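Enquirer: These protein sequence lines map, in sequence, to chains A and B.
Under this note's numbering, read the first sequence as residues 2 to 292, first letter to last.
Under this note's numbering, read the second sequence as residues -9 to 151, first letter to last.
Keep in mind that the hints were calculated from the coordinates and are not lab data.
Among the clues, some could well be false.
Chain B side only, calculated, beta carbon under 8 Å to chain A, not exhaustive [stated by the list, open to error]: (1) Y13; (2) V15; (3) N31; (4) Y46; (5) Y115; (6) A120.
Negatives, chain B to chain A, calculated, CB over 10 Å [claimed, not checked]: (7) Q7; (8) L8; (9) G56; (10) A70; (11) R72; (12) Y118; (13) R146.
The structure presented is a predicted model; accordingly, all values stated were derived computationally and were not measured.
Ideal Cβ placement from N, Cα and C applies to all residues, glycine included.
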Amino acid sequence: MSRTTERVSRDLGQIADQATPSSSAWDSIRTRIDAQTDEPDVHVLRLNAEDKEVRTRPWLAVAAVAAAVVSLAVVVGVVVMSGDEDSTSEMATEAPPTDPEAATEAPATDTETASDLELATQFLHDLHSLDAQAVTVMEADAIVSYMAARSTDDIPGLQGVMEARGSEFTVENCEEVAGRGAAADDESTTRVECDLTFEDAISKAAGLGPYPGSLATVWIEDGAVTLLTLRLDFRQWFPEVGGPFGAWLSEAHPEDQRVMHGPEGDHPAVTAVSVALWEQYTAEYIAEKYG
Amino acid sequence: MSVKKATDPSIQVDSDQLLEDLYKVEYAGMVRLAYTLLGSNEEAEEIVQESFVDVYRRLDEIKRPGGYLRTAVVSRCRSALRRRRVMALHPPEPPEGLPSDAGELWDVLTKLPENQRIAVVLRYYGGYRASEIATIAAIPAATVRSHLRRGLAVLRKELEP
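Starting from the given sequences, assemble the full structure and let the hints guide the process.
Expert: Pasting the structure below:
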């Protein structure tokens, strides 16, 4: 250890010693937890960039995880804010290729010429083109550690549930928030944050939404996506859509509701039967309430 | 008292007890770490407490609550640092009573880009290796090493006579 690092360690310790952790912090944490017990989840999905699978096939692995969970189904109109200019440009208004192979190869070509901002928005746009077959190629356990799936076997089922519910996330706006070209430092990693809005078949039928608040952060290093963080916020959607639908379901089809939600009751079950029930009852609910 | 299932459905975990154990082991250290990044005790406690809530809400999904907690704290600190930069606020003054050397370090540290600052604090205060910092801060390991190299170069230039 050099003289500088010795001093830095010593001085940082002295700074840290100035902190005065509260003796009542545990009560405060318990109060915060109790206050949030009834709120729906905000999901944070993180992909570990050090994972071998990510290094070798970053597009496929990252896209597969996100596609499975959020199913960015019909992205129409990705508006890109171009730096500090007032103008906007619209890109990716057409559906990307449905062939998973093509979908995973295309971004690599774009990487050579596209800016990090365009790369990130195109990446998010391409997520929906991956089907269950592509998803099952992914094998890295580490990248599913924060998601509802208990294993990679669950991923196609989760995607199926999202599709059955007509769930769609739309990329509304992307902005480079740090790193090359956006900050004073010269970091090699760029972060692009994209606002997402969410809606589903029920909210559309009810004339509600789209619901803002979700955020995708795409991390880019040397022209390649290395990390994706998704913060999915359903707090506004739940009392208006998810809660009433759940209440109707428990009244009208209590037995099937247990099949749809699985044994723990907090996440959709990912069986073929569950997917079929989600599709059937979503349509039935819309017909009864809004038909 | 609530009981949640672990990732392995055959294992039952008392989530309240698990969180309390984690609190006893990690809380004070996490506040000190956040304080070293932010220089505000109030903000550090707010961030760490919210991070504990994050852990609690995800206990049935995460494999390593301690690792998740550290990542959550650093992520929230990074957001706080970014907000300060965006709002062009001045960094807080060094705490009163700080030895002059530590005050000098503080001045240089607050001028480092946020990721360099996080890497330096985690390495030289937290004692984490680059690979561990990569996981905690959600930054590729090669980038962490680059941040450490650059951050240390600035510190050396500014602090050494």
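Enquirer: Confirm or reject each hint.
Expert: These are the hints, each one checked on the structure:
With 8 Å as the threshold, the beta carbon of B/Y13 comes within range of chain A, its nearest partner Cβ sitting at about 6 Å, so the hint holds. The beta carbon of B/V15 is not positioned within 8 Å of any beta carbon in chain A (closest approach about 13 Å), and the interface hint is therefore violated. The closest approach between the C-beta of B/N31 and any C-beta of chain A is roughly 6 Å, which is under the 8 Å cut-off, so the hint is satisfied. For B/Y46, the interface hint holds, the least distance from its beta-carbon to any beta-carbon of chain A being 5 Å, beneath 8 Å.
Residue-level restraint check for B/Y115 holds (minimum Cβ-Cβ distance to chain A is 4 Å; threshold 8 Å). For B/A120, the shortest C-beta to C-beta distance to chain A is roughly 11 Å, which exceeds 8 Å, and the interface hint is violated. With a closest Cβ-Cβ approach of about 13 Å to chain A, B/Q7 is found to remain outside the 10 Å limit, as its non-interface label requires. With a least CB separation of 13 Å from chain A, B/L8 remains clear of the 10 Å interface cut-off, as annotated.
With a least CB separation of 14 Å from chain A, B/G56 remains clear of the 10 Å interface cut-off, as annotated. Every CB of chain A lies more than 10 Å from the CB of B/A70, the least distance being 14 Å, so the non-interface label holds. Not every C-beta of chain A lies more than 10 Å from that of B/R72, the closest at about 7 Å, which undercuts listing it as non-interface. Chain A leaves B/Y118 outside its interface by the beta-carbon criterion, the shortest separation being 12 Å against a cut-off of 10 Å.
Chain A draws B/R146 into its interface by the beta-carbon criterion, the shortest separation being 5 Å against a cut-off of 10 Å.
Hints 2, 6, 11 and 13 from the earlier list are contradicted by this structure; the remaining hints agree with it.
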